[in-house]
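Peer 1: Residues per chain are reported as follows:
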Amino acid sequence: AQTVTQSQPEMSVQEAETVTLSCTYDTSESDYYLFWYKQPPSRQMILVIRQEAYKQQNATENRFSVNFQKAAKSFSLKISDSQLGDAAMYFCAYRQPYNTDKLIFGTGTRLQVFP
Amino acid sequence: EPEVTQTPSHQVTQMGQEVILRCVPISNHLYFYWYRQILGQKVEFLVSFYNNEISEKSEIFDDQFSVERPDGSNFTLKIRSTKLEDSAMYFCASSPDRYQPQHFGDGTRLSIL
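From first to last, the protein sequence lines stand for chains A and B. Mind the numbering: the first sequence is residues 2 to 116 in my numbering, read in order. Mind the numbering: the second sequence is residues 29 to 141 in my numbering, read in order.
The set of hints was computed from the structure by calculation and includes no laboratory data. Beta carbons: idealized from backbone N, C-alpha and C, even for Gly. Wrong hints could be hidden among the right ones.
[Said to hold, decoys possible] Here chain A is said to cover these stretches of chain B; the calculated rule only asks that three of the stretch's residues, wherever they fall, bring their Cβ under 8 Å from a Cβ of chain A:
| id | region |
| --- | --- |
| 1 | 56–70 |
| 2 | 131–141 |
[As the list claims (entries may be wrong)] Only some residues are given here: those of chain B computed to face chain A with a beta carbon under 10 Å:
| id | residue |
| --- | --- |
| 3 | 31 |
| 4 | 32 |
| 5 | 36 |
| 6 | 50 |
| 7 | 73 |
| 8 | 75 |
| 9 | 76 |
| 10 | 78 |
| 11 | 83 |
| 12 | 84 |
| 13 | 117 |
| 14 | 123 |
| 15 | 127 |
[Claimed, not checked] DSBU-like cross-link-like pairs, simulated, lysine-lysine; straight-line CA separation at most 35 Å:
| id | chain 1 | residue 1 | chain 2 | residue 2 |
| --- | --- | --- | --- | --- |
| 16 | B | 70 | A | 71 |
| 17 | A | 79 | B | 85 |
| 18 | B | 85 | A | 56 |
| 19 | B | 70 | A | 56 |
| 20 | A | 71 | A | 56 |
If we strip away everything but chain B, and leave its shape as in the complex, we get (with noise of 0.2 Å):
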């Protein structure tokens, strides 16, 4: 069965540099997502994207944030400046409407040091 792919599992990046989360939805799927979940807390929507743009962010995807569909199989998250507080499981997501169920990657576990 097809997978939402992201790399790489395990992210360590000093604070205050830039980080870039990468993601491969599945191939037929058109609404791409990104989640992230600090530890011990709940899964939190980021950022909807949709033929090129985005559709929908939270109001924790500020400036520092942007995603990018660089060719058309990639889906990127960047995270500029980061701080100690990013430090989360990003999963990036995806589904073929935006009807049908969200199909998760493994994660990206982000710490920052």
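Just chain A, with the same shape it has in the complex (with noise of 0.2 Å):
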């Protein structure tokens, strides 16, 4: 069964700074999709970025970035000249494309941004 771990249940960045939140997943599949949700305590689950496994180029979006090491199964989240506005619980998350629909999450990591 496929599974998904965050290993940092807590970080904390400065204001203008740059942070990396982890993500390992495991899974027999070669084929598949990785997606980092961001959750701010106004509750409702964004999603940040997106990486099909077929593609080895990583996905970025503004100041969020992915390092998607497929090898290791590893996806990480940098998040560069960090903002207030930041501040959320992080989701990553798995899923097939194909037969099934449902994402697995990881436990998510807790940013805290200091100014």
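Make one complex out of these two single chains by using the hints.
Peer 2: So this is what it looks like as structure tokens:
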């Protein structure tokens, strides 16, 4: 069965600095999707970034980028120029593109941003 | 930007009662989902729904649970004979197709007393 592991329950970063959140996963599939979702205190989970496993190029969305290491089954999120509004719970999630629709989530990393 | 909306934001119910959690998915989306998050634990998949039927369900989603799309806009999760362990945040999500990312609502916090 697929699993997603986030080993950092909490992280903190100073405003304008860079922080990296870790995520590893376990799967025997070669084709899948990986996601980072952000859940601020307002509770709605917002998609931050998405990576297709068949793409070698790391996904980037403005200040957010990933380091996707397929062989190592690692999918870390880098937040550059951190802002106070980045403070949230961040969830890593996995999904197979076929035969299932479900997202498998990690336990989350709470990110604090200090001024 | 269109959003998934969930009501109520907080529901308090006596153990043994039935509760209905409501969701309005994004209007042109065809796939609907329910997830739950017990306090301090990871978000867990409950069920997916497409073309007016369940397409996938987890082992959590037993006979106590049911889903329905009663009209063209709402998507509901019914929990019968609620138990203390049903206390959790319940998230609804939708996507335009099974290959696009799922968009989540704010969640409903369900407290069983």
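Peer 1: It remains to establish, for every hint, whether it holds in the given structure.
Peer 2: We went through each hint and held it up to the structure:
1. 56–70: Check passed, 5 qualifying residues.
2. 131–141: holds (count 5)
3. 31: This hint holds: residue 31(B) lies near chain A, its Cβ roughly 8 Å from the closest one there, short of 10 Å.
4. 32: Holds: closest Cβ of chain A sits about 8 Å from residue 32(B), inside 10 Å.
5. 36: Residue 36(B) check fails; min Cβ-Cβ to chain A is 13 Å, beyond 10 Å.
6. 50: With Cβ-Cβ at 16 Å, over 10 Å, it is violated.
7. 73: 4 Å, holds
8. 75: 9 Å, holds
9. 76: 4 Å, holds
10. 78: This hint holds: residue 78(B) lies near chain A, its Cβ roughly 8 Å from the closest one there, short of 10 Å.
11. 83: 6 Å, holds
12. 84: Cβ of residue 84(B) sits 6 Å from chain A, so the hint holds.
13. 117: Status holds, d = 8 Å.
14. 123: Hint holds; residue 123(B) Cβ to chain A Cβ min 8 Å, cut 10 Å.
15. 127: Where the cut-off is 10 Å and the nearest Cβ of chain A is about 6 Å from residue 127(B), the hint holds.
16. 70(B) to 71(A): It holds: about 23 Å lies between the C-alpha atoms, which stays within 35 Å.
17. 79(A) to 85(B): Satisfied, since the Cα-Cα distance of roughly 33 Å is no more than 35 Å.
18. 85(B) to 56(A): Holds. Residue 85(B) to residue 56(A) sits at ~29 Å (cutoff 35 Å).
19. 70(B) to 56(A): 27 Å, holds
20. 71(A) to 56(A): Holds. Residue 71(A) to residue 56(A) sits at ~10 Å (cutoff 35 Å).
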